[in-house]
Amino acid sequence: MTIWQTIRNNPSVLAWAIIIHVLAFIAIGVSFKSSDPKISTFKKEKVIEAIAVDESKIQEEINKLKKADKRKKRDQKRLQDKAKKAKKDRKKEERKLQAIKKKQKEQEVINKKKSIKENKRLAEIERKQKETQNELNKLEKQQQEKKALLEKEEKDRQEKIAEKKRASEKRKREEHENAEIEKYRYLINNKVSRNWIYLDSYGKGLVCIIEIRLLPSGDVLSANVIQSSGNIAFDRSAELAAMRASPFPVPKSTDLFQRKFRKMNVKFNPTK
Amino acid sequence: MIKLMRYFIVLSVVVTLAGCNLGPLKKRGGKSADTTTEIQDEKNKYTDKEDSTAKFSSGESMDVSSLNDPNSPLSQRVLYFDLDSSQIKDEDREVVTVHAEFLAAHSDITIVLEGHADERGSREYNIALGEKRAKTVKQLMTLQGVAENQIQVISFGEERPVALGHDASAWNLNRRVEILYTGY
Amino acid sequence: MLRKSILILFSWLLVNSLAHAILTIEITSGSEGAQPIAIVPFQWVGKGTRPASLKNIIAADLQRSGQFSPLPNKDLISQPHQGTEVKYKTWRALNVGYLVVGKIQVMADDSYQIQFQLLDVFKGRQLAGYSIRSLNSGLRRTAHHISDIIYKTITGEEGAFNTHISYITVTKDKQNKKRYQLAIADADGYNEKIIYSSSQPLMSPSWSPDGTRLAYVSFLNGRPEIYVQNIFSAKKEKLVSFKGLNNAPRWSPDGKHLALTLSKDGNPEIYIMNINSRKLTRITRSYAIDTEPEWLPGGKGLIFTSDRGGSPQLYEVKLNRNKPIGRAQRLTFEGNYNSRASVSNDGRYIAMVHRTQGKFRIAVLERETKHFNVLTNGNLDESPSFAPNGRMIIYATEEKFRGILSVVSVDGRARQRLSFKQGDVREPVWSPYKINK
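Chains as they are written, first to last, in this note's numbering: chain A, 955 to 1226; chain B, 671 to 854; chain C, 122 to 558.
Be careful, since some hints might not be right.
Some chain C residues judged to face chain B by a derived CB distance under 10 Å, without partners named [said to hold, decoys possible]:
#1 E503
#2 F522
#3 G544
Worth flagging that the hints you see were computed from the coordinates, not collected in a lab.
Heads up, the beta-carbon is just placed ideally off N, CA and C, and yes, glycines get one too.
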């Protein structure tokens, strides 16, 4: 049983308690007023003094106490009434409070509800905002991508153009180079053919390959059989043809010479 | 007497000619113009000189002495051949026959048939060709009654030419079979 | 396994791509011709008269082969006698690929020490160099030996210069009677030796494969018979004398048999005779002429002349242990006269007498390709006989109605007449490589 419960069950107890307490406080308070700084000494003296109190004074005191008691009772009754009233009021108040509380609670529920809803709404909004944002981002990204793509395309286009240009230049260069190669291939072929002396009677279907190493001047540094026909006379005639044809007609471009003519193969194939 | 014999010979030539045209060995053709003319000239020699009195005779009736008679038909002892050929020419068949009849009548007499070729072509083939020519003559003779052992065949190919030239007329003379009477 | 093959594939691709990267020029034609070669007259070191010119002998040999074209003396820009004296550049200017230099040193015993070098003009280096001791009498032989070395070094094939020929010559004696002679000489016609002489025709000499004996036909007894004679001892014996023809002997590659023509059974047929046992095997059976047998390499068959088709043509019959297998096959179809086959040692070519427009010439049939090539341009060319290296053919021809011998290269490009002092020369046959004395 809690105090509160006791109070609620018997409000007068509360009143009493309050009264007693008030009185006690007054009494203590007075005492305190009279003895100011030296509390310990006073107490001792008081005890001695109390012993010295007379009967009359006690009577008087009792009377006084009786009167006070009557007053007290009155006051008590008043207080009781007051307490009743207060209780009533408090009850009323409590009810009111409860109502308020209830209302508050309701409000709170509502609020809560409201807030959930709100939250939801907010979340929704937020989501929507996010979505929008995403959308925007997306759009932006897309735009960026598009832009990048366009840029890339443009770049590619430029590159392609450049490439084409390079390729055409390369082709031109190659064409020129090939033309050069063909020209000298023809000239070499012509010169070697003119210097090739052989006999059909060496044999049928003879083919040999001679590896030629040239100096930039076209002079034959070496001519060696790298694929024999199997017939020594034929191989020798081929080697001799290459040696006799020295110097070979070669292009002036040292680069082309280095790449294509410094070392080459001459195939002797009279069967064609 | 000799004159009379000549008549007989002419007659026998004519008869033999006729017989040979019907005979089993018929010439396939391909005459050399030169040779033919030459032989015909010789044939004409006989016919021109002699009147063709109708009297019958043959080599059989001839004496051994006619072998040494330059006017005897037996004095004709060379047969000529065309290039690459071992066929006896028509005009030579009579010559073969005269000799064959003579030999058939004188079985003690033997001959050598000597085959020859001209200088052209390979020597060994020409030896064989000479033999083939001689054997063709031998065959014709044996068909007319000459005994095998009366005839010996030999070939000299191109080794013994009679004409030493190197032209068609020499070659014509060298493609030949000579009839050589043993001991005469 | 897979990895390996992939590796191989890659390396192949690599090699292939590398190969493609290299410029290759293809030459499909040149000039058909013999290789120019310069032969400097050999230096004569010592006293005494200079013998036959080695240079001339060697030059004639190389020329005759058809493979070389020796420079005339007047074109020789200088006359070095050893490699160290050669200024290659100047020789290159002549476009001559090969140079031969050398010297002959007379030794105390009158023999010769011969040095020679074959030089590659364009590569500036020696290809062959020899020092050869030669007897006084053997100088020509030594020159042929040098020709063989040069020939082999440049062509890779055996030369056939240091070989012999046999042939028949016909001369007139003091009584203006014909003498038939069997002769042997160097392959260039020099150093002639008569090993048999007769008043009767001689024909068809044939070398034994070891080069020690000759078989031939003699009419000594008034008809053709086959004799065999040792060329060193001159000992001869009559080997075959049947009734009729005993002709066209040809020694078999194994040396133990003779192919020959006999007509003892009627008409000329080909037989094979075992020389030791004299046993005969008949090879042909026809009513036509079958003669002039020639052996195929290894005795695997005979080629002969037959007129069984109406005109003389060459036929081949295959042999197994000298017995005929199957029917003879006709080999020649050009014109209406092909006879007297000579087969090259490798069996690649058949040389023959071929008649074209009334002229008899030497032709060659290349067996594999069936190419038929007329090599000579005389009127009466006959008796072809291959050199043992199969590159040259000796044959009989005529010059001002006199029989002489000539040599033609197998491709017909080079023809060289051999010189003979007198008489009618005919039926040459080339000896095998070695004459084993």
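Hint check:
1. E503: holds (6 Å)
2. F522: holds (5 Å)
3. G544: violated (15 Å)
Hint 3 alone, counting from the list given before, is not met by this structure.
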